[in-house]
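Engineer: Sequence:
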Amino acid sequence: MKKLLLQDELSECGLVCLAHVSSKLGGNEALNELRRKYPVSNRGLNLREMKDIAADIGLVGRAVSCEVDELADLKTPAILHWNFQHFVVLEKVKRNKYLVFDPAFGTYYPSIKDISSKFTGVALELTPAASFVRRRRPSELSLSSWFKFSREMWTPLGQIIFLSFVLQAYVIATPFYLQTAIDQAALKGDDKILGALAVGFAMFCVFNAGATFLRGVVTTNLTSLLNWDMSLRLFRHLIRLPLPWFQKRRLADVLSRFDAISPVRDILSGSLVSAIVDGTLALVTLAMMLLYDLRLGLIVIAGFMCYIFLRLISIPVTIKLGAAAMMAKIAESGKRIESIRAIQTIKIMGAENERESEWANKFAETIKRDQALSIVNLGFGTLQSLVDGLVKIFLIYLGVKSVMQHQMSIGVLYAFLSYQTQFSSKANALFDQYVKWRNTGIYSYRLADIVLTKQEDGLTGGGMIDRVIEGNVDVRGLYFTYAVQEKYILSNISFSIKKGEFVAIVGPSGTGKSTLLKIICGLYPVAAGEILIDGQSLRSWGTRAVRRSLGVVMQDDELLSGSIAENVAFFDDCIDIDKVWRCLRAAALYDEVNTMPMRAETLVGDLGSTLSGGQKQRMLLARALYREPQILILDEATSSLDAERESSINIALKQLAITRIIVAHRKETIDAADRIIGIDQGVVIFDRLKQTS
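Note that the sequence shown covers residues 1 to 693 in the working numbering.
Check before you lean on any hint, since a few could be wrong.
Below, simulated SDA-like cross-link-like pairs (lysine to any residue); rule was C-alpha separation at most 20 Å, straight line [what the hints assert, rightly or not]:
1. K329 x L310
2. K454 x L234
3. K579 x S549
4. K335 x L312
5. K487 x L459
6. K487 x N46
7. K347 x S357
8. K320 x Q433
9. K347 x S609
10. K75 x I115
11. K92 x N46
12. K329 x R250
13. K118 x Q159
14. K654 x E636
15. K436 x T453
16. K24 x V93
17. K667 x E636
18. K51 x E33
19. K329 x G441
20. K499 x K654
21. K94 x L71
Label pairs and their in silico Cβ distance ranges [stated by the list, open to error]:
22. S231 x T595: 40 to 50 Å
23. R582 x E470: 37 to 47 Å
24. P508 x V376: 35 to 45 Å
25. L241 x A104: 14 to 24 Å
26. S639 x V64: 43 to 53 Å
Hint data in this document are derived by calculation from the structure and do not stem from the laboratory. Where is the CB? At the ideal position from N, CA and C, for every residue including glycine.
Use the sequences and the hints to build the structure in full.
Structural biologist: As structure tokens, this is what we get:
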């Protein structure tokens, strides 16, 4: 099956276009491999950077300027600059029809009007160089090793298969009952045979009902077990992914990737069993039909082959339309979530109408994509019904002629038609399971972005868990960039902080101060250099061990739904309420919480929505202090406070016998520190002790 190439990150359209062009030219450059070698920041790629990456993978790039009517002259596939903020691939031009691959949702034929409004006049032609390697694409979406049955799931799976075969025995026997009742009882007027048949099949029916109930119970249990196991493992993996992975994706996109587990789970829990049972029953009923009448059986096979032909034609169409519909839904969901999260800003700006219009455009696109998919499915479904109807009419015509010519009894004809109905139902269902499996490719692709992304280093094992961190921090020759093709955010940063020092890092906004703190916390990997804690690297300590010894407040930290006490203790199983109050006092929040009706049990609302900005900052500080850290890292943690409360907190921080590293702009906060390190344009410009009067 041809693998999908769609962008997973917000700004990787250029990288996906390069992977798509490589694939079209036979190189089949794996997208995951490109992501690892050329990580893209949220700024995206420009044309020069794309040419550099193309050269690395064996493609010669030539930037050209052209008009819409000159696109047909380009060497395709070519990359087009689209809407001033996007890249697409022009795959081919034929009879004034332009086939375009958009990394956001796949291939389509835009109108000339659409191209004229979006094409900026800049294109990138790519041709294979001598170094271009044509090779088979490595397996990117091998999720089978991740989504597998645990030992306790095999027993209920076997029970479901056994009960399903028992139920199918009743289905297979029903036409025989009909044949015997007509030929041996109705035509001969034998009440005894009819009564015996009725009693026997009534008992069979009761047994069938019991088996149906048992299978339903076992299936429900298996589905629940599989749902729990797969969802838990997926979420466990998700929350251990590196921070940049989340920063490059929209919230709605991450949620949709997690929800993609549902169709994959359904394939494993229900479709696998259905395929086994349906396939077996289809073979049995086909054999019965061929035994009854070879000629009519071949007609049934011919009808089924027509059905397969129609479904095979529909698969690539429905996959493409389904992917486009999914991406449209994600865009609509993202706009809706964004609007709800920013509702205060929208109201302040009086922009309800504009925001409604933006969402309506996304929703209209969703409806349009869903409608296109529904019409295609309706069309193929109609053709399928037509084929089934014609086959049925032909069978009845030939069957009745056989009865009239005394070549077949009426009972046999009824039985044959019953078996034909069962065969069509089961054979079609079997092939539908195959189609369903093919259509899960888009869901597997989206899950792969989570599952096949490596977890953060140092979260499990390997660290010096028995050693206590004292608080010495050394930064040596540190270089950092968000993407290899961009300039360094931090360049050759070096300094040492001794245990118990109070250090303020200062400098203009946007010079890498917050990034430096996140690197010290192990949230970002460095391009060169290292961070040492007590003389040992972060890798030696283990990320989890280091973070457990840190108290951190970042600018964009959030509170979680729960009480004040729960948030300060970060939902510890055994909350030390006395420690909670001590931390609230150190964060200058004691008096305010004490006057609240429920005191420390007061709920903070969704992400702290019931608290003021200053209260949230102080609660975050109290949360950092609750851990009794050896190193306290604060990124403008008091920027929303008044001078009196900020002074109180600065005095409290100065009295702590731990290492303190803060980023601040206010003079009062900086003056509380013992030492000041200045950073500008990503380099250290001074490092001095604070002068005392």
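Engineer: None of the hints should be skipped; say for each whether it holds.
Structural biologist: We went through each hint and held it up to the structure:
For the given pair, K329 sits about 28 Å from L310 by alpha-carbon distance, which is inconsistent with the 20 Å threshold. As the CA atoms of K454 and L234 are separated by approximately 13 Å, the hinted pair is consistent with the 20 Å bound. In summary, the hint linking K579 to S549 is supported, as the alpha carbons are separated by about 17 Å, within the 20 Å threshold. Note on K335 and L312: the hinted pairing is violated, with a Cα-Cα distance of about 36 Å set against a maximum of 20 Å.
About 30 Å separates the Cα atoms of K487 and L459, which puts this hinted pair outside 20 Å; it is violated. With a C-alpha separation of about 13 Å, the suggested pair K487 and N46 falls inside the 20 Å cut-off, and the hint holds. Using a Cα cut-off of 20 Å, the hinted pair K347 and S357 holds, with the two alpha carbons roughly 15 Å apart. Among the hinted pairs, K320 with Q433 is consistent with the structure: their alpha-carbon atoms are about 18 Å apart, no more than 20 Å.
Between K347 and S609 the alpha-carbon distance is near 16 Å, which keeps this suggested pair within the 20 Å criterion. Restraint check for K75 and I115: the C-alpha separation of about 18 Å stays at or below 20 Å, so the hint holds. This hinted pair does not check out: K92 and N46 have alpha carbons roughly 23 Å apart, beyond 20 Å. For the given pair, K329 sits about 13 Å from R250 by alpha-carbon distance, which is consistent with the 20 Å threshold.
Of the supplied pair hints, the one linking K118 and Q159 is violated, its CA atoms being roughly 57 Å apart against a limit of 20 Å. The straight-line distance between the Cα atoms of K654 and E636 is roughly 16 Å, inside the 20 Å bound, and the hint therefore holds. For the given pair, K436 sits about 26 Å from T453 by alpha-carbon distance, which is inconsistent with the 20 Å threshold. Restraint check: the Cα-Cα separation between K24 and V93 comes to about 15 Å, which is no more than 20 Å; the hinted pair holds.
Distance restraint check for K667 and E636: the Cα-Cα separation of roughly 12 Å lies within the 20 Å cut-off, and the hinted pair is therefore satisfied. Simply put, K51 and E33 have alpha-carbon atoms about 17 Å apart, close enough for the 20 Å limit, and the pair holds. Of the supplied pair hints, the one linking K329 and G441 holds, its CA atoms being roughly 17 Å apart against a limit of 20 Å. Restraint check for K499 and K654: satisfied, since their Cα atoms lie roughly 14 Å apart, inside the 20 Å limit.
As the CA atoms of K94 and L71 are separated by approximately 11 Å, the hinted pair is consistent with the 20 Å bound. Distance hint check for S231 and T595: the Cβ-Cβ separation is about 42 Å, which falls inside the suggested range of 40 to 50 Å. With their beta carbons about 23 Å apart, R582 and E470 fall outside the hinted range of 37 to 47 Å. P508 and V376 have their C-beta atoms about 56 Å apart, which leaves the hinted 35 to 45 Å range violated.
Distance hint check: the CB atoms of L241 and A104 are about 22 Å apart, consistent with the given range 14 to 24 Å. Checked against the given bound of 43 to 53 Å, the beta carbons of S639 and V64, roughly 49 Å apart, stay inside it.
Violated hints for the displayed structure, listed by number in ascending order: 1, 4, 5, 11, 13, 15, 23 and 24.
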